Amino acid sequence: MRTLVLNAGYEPLAVVSFKRALVLVMSDKATVVEHDEELPVWGTTAMYDRPAVIVLTRYVRVPTSRRMPVTRRGVLRRDANHCAYCGKAASTIDHILPRSRGGADSWENLAACCLRCNNVKGDRTPQEMGWDLLLTPRPPHGTAWTVRGVERADPRWEPYLALAA
Numbered sequence: 013m014r015t016l017v018l019n020a021g022y023e024p025l026a027v028v029s030f031k032r033a034l035v036l037v038m039s040d041k042a043t044v045v046e047h048d049e050e051l052p053v054w055g056t057t058a059m060y061d062r063p064a065v066i067v068l069t070r071y072v073r074v075p076t077s078r079r080m081p082v083t084r085r086g087v088l089r090r091d092a093n094h095c096a097y098c099g100k101a102a103s104t105i106d107h108i109l110p111r112s113r114g115g116a117d118s119w120e121n122l123a124a125c126c127l128r129c130n131n132v133k134g135d136r137t138p139q140e141m142g143w144d145l146l147l148t149p150r151p152p153h154g155t156a157w158t159v160r161g162v163e164r165a166d167p168r169w170e171p172y173l174a175l176a177a
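One gets our numbering by counting positions in the sequence shown from 1 and adding 12 to each.
Calculated directly from the structure, the hints in this document are not laboratory data. Fair warning: there could be bad hints in the mix.
With a straight-line Cα cutoff of 20 angstroms, these simulated SDA-like cross-link-like pairs (lysine to any residue) come out [claimed, not checked]:
#, residue 1, residue 2
1, K133, P152
2, K133, D144
3, K133, P110
4, K41, V28
5, K31, P52
6, K100, T148
7, K133, S103
Since the structure is predicted, the reported quantities are computational estimates derived from the model, not experimental observations.
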């Protein structure tokens, strides 16, 4: 079970384990906004609500210009695991402008790619191959990218994630 952590302005900050959330609540650093009634936490002397959403009692500013680091996993996730050239299932990433020609490891120069297209393309540009990109590579944005763990959201988190969007 995981718990969504909000700041005092109800902006999503992180997703933590329910144990970490319970420690924050018991040490008066956070309060429970939503809890899971079906799965209480049993202690040696008492029963506690299992937190689903907590809000920190102190204000924590959400960084607005945080740029996401480029990772293979991130590129595949951004492109929904679909090849940027043929649309089939992607398992690799491709430098649109090859690294040998000065292509950077950036969100704008990387795209998800199937193994076949990646091997056929080799060290050439899509223009040289006569290929068109099915998507325009851009840096990711939105709550799902600034708050780790939100991609597998609990239904109780939806109102708070919608506020952030």
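Against the structure, the hints come out as follows:
For the proposed pair K133 and P152, the alpha carbon gap of about 25 angstroms is over 20 angstroms, so the pair is violated. In summary, the hint linking K133 to D144 is supported, as the alpha carbons are separated by about 12 angstroms, within the 20 angstroms threshold. As the CA atoms of K133 and P110 are separated by approximately 10 angstroms, the hinted pair is consistent with the 20 angstroms bound. At roughly 14 angstroms between alpha-carbon atoms, K41 and V28 fall within 20 angstroms of each other, so this suggested pair holds.
For the hint pairing K31 with P52, the CA-to-CA distance comes to about 12 angstroms; that is within 20 angstroms, so the pair holds. Among the hinted pairs, K100 with T148 is consistent with the structure: their alpha-carbon atoms are about 16 angstroms apart, no more than 20 angstroms. In summary, the hint linking K133 to S103 is supported, as the alpha carbons are separated by about 15 angstroms, within the 20 angstroms threshold.
Checked against the numbered hints given earlier, this structure breaks only hint 1.
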